[in-house]
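Trainee: Letter by letter, the chains look like this.
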Amino acid sequence: MNQMTQPTPPALFSIRDLRLSFADRAHKPLFGPAPRVEVLKGLSLEIPEGRITGIVGESGSGKSTFGRILVRLLAPESGQVLFDGKDIGALGEAALRPLRRDLQMIFQDPMSSLNPRHKVWRIIAQPMKRYGRGGDRTDAITALEKVGLSAHFADRYPHELSGGQRQRVGIARAIALEPRFILADEIVSGLDVSSQAQVLTLLADLARDMGLTLAFISHDLSVIRHLCDTVVVLHHGVIVDQGPVEDVFEHPQSEITKSLLSAIPHPEMDETWWDDMPEPA
Amino acid sequence: MTSTTAHTHTLDIINLNIALPRGQRLLRNVSLQLEPGEVRALVGESGAGKSMIGKAVLGILPHKIKMTEGEILLEGAHLNAMTPATRRRTVAKMSALIPQDPLTALNPVRKIGPQITDPLIRIHGWSHQRALARARELLDRVHIRAPDRVMHSYPHELSGGMRQRILIAAAFAPSPRLIVADEPTTALDVTVQKQILRLIRELQRETGTAVLFVTHDMGVVAKISQKVTVLFAGRVIEDAATHTVFENPAHPYTQALIAATPTPNVSARPFQPVPSALIAELHRDTVAADALFAQRGRR
Amino acid sequence: MADVTTNSPRLILTDTNFRLWLPLLWIGVIAAAALLAPLIAPHDPLAQDLMLERLPPFFMDGSEPGYWLGTDSLGRDVLSRIIYGARIALFVSLIAATTTGIFGSALGLIAGFYGGWADRVISRLVDIWMAFPPVLFAVLLVAVMGTGLGSVIAAIALIDWTRFARVIRAETMVQARMDYVDSARIGGARRAATLVSEILPNVMPSIIALLMLEMGIAVIVEAILSFVNLSISSDDPTWGSMIAEGRGAIHFAWWVLLFPLIALFMTVLSFSTLGEGLKQRFDPVLK
Ligand SMILES: Nc1ncnc2c1ncn2[C@@H]1O[C@H](COP(=O)(O)OP(=O)(O)OP(=O)(O)O)[C@@H](O)[C@H]1O
Ligand SMILES: Nc1ncnc2c1ncn2[C@@H]1O[C@H](COP(=O)(O)OP(=O)(O)OP(=O)(O)O)[C@@H](O)[C@H]1O
Ligand SMILES: [Mg+2]
Ligand SMILES: [Mg+2]
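Here the protein sequences come in this chain order: F, B and L.
So for the first sequence, the numbering used here puts the first residue at 1; every next one is plus one.
So for the second sequence, the numbering used here puts the first residue at 282; every next one is plus one.
So for the third sequence, the numbering used here puts the first residue at 581; every next one is plus one.
Just chain F, with the same shape it has in the complex (with noise of 0.2 Å):
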């Protein structure tokens, strides 16, 4: 279906058949081990490098779960996920510790996802010192900067930020260790429209000038529009359309796509917008 308008460049990542299931507690029987629940049905998708590729898809659909496969937090039970030729999917974690610093994440959950006993600076510089990319105030005060905070915010806990301030800590951290790949986990809906623009902005000009490679996990479909090259809409762990973003905005090919699409509230009056109510199957 998706015919290649552009040279595309070689994959980052190509994932084949890739799968995951975890226990479902609640039928578990009195003895023996609980049913499993498929959260991953066998993804297949590359992701080609120094491009922005958006993930989106229903509430619970496996995009984080697919995302945390990639950045290698989470194993996959079975299936090839290729970073660069190399099959990463069954490294142990020493193995995996010379790729850690190619491969970030900026997390769904701001607040959790920052420990609440450092502070703002030591938050971003201990995984550049760790990394041997600098690593003191100053360098975390320029990686705050980028995101819009100024330098005051580099003494806070993150208990004294509001939820924007938190989680552009979380995208200073990533962008600080320069990866080659970062997983950004629904990051902009916290933040007001000019925040969001100046972090997205930061964004694309990495993966333009820098070659950054982004997997972009939104719920926002304007944004992912505006932002992304390609995209790939899961439901329920099974990938039902995919292709560059035009393609798929311009000529969805599943229903999904088209209620998703359909969904969007627009920023005007218009009652017409709660009529139609396309019930995901």
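If you are wondering where the hints come from, they were derived from the structure by calculation, not from laboratory data.
The model shown is predicted, which means the values in this text are computed figures rather than measured ones.
A virtual CB, placed ideally from N, CA and C, is assigned to each residue, including glycine.
Honestly, I wouldn't trust all of these hints.
[To be verified] Only part of the chain L face toward chain F is listed, based on derived beta-carbon distances under 8 Å:
(1) 648
(2) 756
(3) 758
(4) 759
(5) 762
(6) 766
(7) 768
(8) 772
(9) 774
(10) 778
(11) 781
(12) 859
(13) 860
[Claimed, not checked] Sample of chain F residues with no beta-carbon within 10 Å of chain B, all distances over it, derived:
(14) 13
(15) 82
(16) 89
(17) 98
(18) 200
(19) 264
Mind docking chains B and L with the ligands on chain F? Use the hints.
Mentor: For chains B and L with the ligands alone, coordinates are given in the frame of chain F:
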């Protein structure tokens, strides 16, 4: 002093001021009202103090942060005049919070089920069965697909959007008079978001619950709210009916916010920050207002 | 939930400062008494004088000036003995609680963070250990190892490490699920470094609260062992041996029993209150 006018507001915030211990102001003379069954959107830049307003109403301001001035009335009752215990009870009975960070708001070592039913039993005095039935009903209405699996799960086993919907269900379960919803749909895809907004509309009509709805999404504002308050650096810079705000926004900052909201329309220029000259001007106004406030304080 | 901030005055009793400072004051007094015992004790705690036996405290008829809290049946000054008793009580509780705390917390952190077989081994050990009745266990241990302060300390550590291991294991498991642990992993931290520099600071408040509780418990255990004559030589003034001796004279010289009991009670109470207060003080959100 209960000014029993023709009707009472569900929530009435009068001239609220909140400050850090060293006197740095976080909220500056904020006033806003909510009628029964009304949804008021609270928008503004990140760090403007939106969450602080909600926390002040519910009496859960962080330890160091104090209310320095102002009145908060819930259904006409002066919260400030109450003893801490009475206030806590009144607030718990009449209102609910959908907090901004769902993960930290849930106890990591308890299953979801009792976390929803406990307050219904403890605060509202419901029977166990009734609480359980209501929890199931609400999980269903927020479109959680497998309510039983979810009730038996621990928070870290659920997706971000599921956690958020659980908190929405827990807040609506006792049909409170007021819900402070602090960015309640950030982790929800647009179809579920639409279902949740529809649910809020239904419940608002069924029970007359008023909702203070904090959000960054001007699209959501347009759909769900009847009134809008725009906050900048702890100051209310616009307070108007939603249709006025969209058809004829008075303040240039509000205009910029609406203009900067991305749409899937390709021709629009993406990611426009609010002009820095406007931000600088607003900050100058804030400094001037603070100087005036300090002067008045000294007199 | 967080506390409710209102403009009405707060009851002083609910104030965390009060919970912190009052126990600190008492422990400070006891600590000063322990350190400065030879300087401040009005009499030699061992000096017997049968002419002065069972003198009542200062506010009663027949009291003798200088013997503020009266004397026991051998004519020894009760106040001086309490002051010297504080030395032993504090020494034992400090050493015993730290040993117990370090040992038990380390096992709890390892079990909670690494899981797997490490957790199974440690948890099983805790279960087996807790099947023994603690006081009996202590008495048995001291009987085997011989009396003396060293045995008392060892007995406390051997019995009570399970308290730390259990609580800290549970807390560590909660913390290990937080996203900040995953983000440390992504940030290149090794497992051990994650445990020490990310998780430990977050369970530290609980460790401190438990340490305080443990110091209180150590004071009691030491008193119990003295009471049954298994601590140090019964001549040395300990609160436990004073209580044991006072028990016999309760009907005609109640003060011999009551004052060391008050000292013991206040100290134990202070330690546990201080633990809670410190836990709150160290909580970054409530600080
Ligand atoms: N404990 C604290 N100590 C000092 N400053 C604080 C503390 N908590 C919040 N702040 C500051 O108060 C301001 C208002 O915070 P608030 O959480 O209300 O913002 P918000 O409008 O909800 O923003 P967001 O949209 O990002 O959630 C922020 O600038 C924040 O940095
Ligand atoms: N550790 C776990 N144990 C059991 N089930 C899990 C675990 N982690 C995730 N799940 C389940 O996997 C499914 C997918 O979750 P995931 O977090 O990937 O969704 P998501 O697409 O990111 O959704 P959202 O947009 O709401 O964040 C959910 O049904 C969730 O309950
Ligand atoms: Mg997710
Ligand atoms: Mg907020």
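Trainee: Against chain B, does residue 13 of chain F hold up as non-interface, every C-beta pair farther apart than 10 Å?
Mentor: At about 22 Å from chain B, residue 13 of chain F clears the 10 Å cut-off, so the statement holds.
Trainee: Against chain F, is residue 648 of chain L within 8 Å by beta-carbon distance?
Mentor: violated, 47 Å
Trainee: Verify the interface restraint on residue 759 of chain L: the C-beta must sit less than 8 Å from at least one C-beta of chain F.
Mentor: Holds, about 4 Å.
Trainee: Given residue 768 of chain L as an interface hint, is the shortest Cβ-Cβ distance to chain F below 8 Å?
Mentor: holds, 4 Å
Trainee: Tell me if the interface restraint on residue 756 of chain L is satisfied: Cβ within less than 8 Å of some Cβ in chain F.
Mentor: The hint is violated - residue 756 of chain L has no Cβ within 8 Å of chain F, the shortest such distance being about 12 Å.
Trainee: Can we confirm that no CB of chain B comes within 10 Å of the CB of residue 264 of chain F?
Mentor: violated, 5 Å
Trainee: Identify whether the interface hint at residue 781 of chain L stands, where standing means a beta carbon of chain F within less than 8 Å of its own.
Mentor: holds, 4 Å
Trainee: Would the hint on residue 762 of chain L stand, with a C-beta cut-off of 8 Å toward chain F?
Mentor: Hint on residue 762 of chain L: holds, closest Cβ of chain F at ~5 Å, below 8 Å.
Trainee: May I ask you to test the interface hint for residue 860 of chain L with respect to chain F, counting a Cβ-Cβ separation under 8 Å as satisfied?
Mentor: violated, 14 Å
Trainee: Would the hint on residue 859 of chain L stand, with a C-beta cut-off of 8 Å toward chain F?
Mentor: violated, 14 Å
Trainee: Compute the least Cβ-Cβ separation between residue 82 of chain F and chain B, then decide whether it is above 10 Å.
Mentor: Check passes; 26 Å lies beyond 10 Å.
Trainee: Return the status of the interface hint for residue 758 of chain L: holds when the least beta-carbon distance to chain F is below 8 Å, violated otherwise.
Mentor: Holds: closest Cβ of chain F sits about 5 Å from residue 758 of chain L, inside 8 Å.
Violation of the numbered hints given earlier is confined to hints 1, 2, 8, 9, 12, 13, 18 and 19; the remaining hints are satisfied by the structure.
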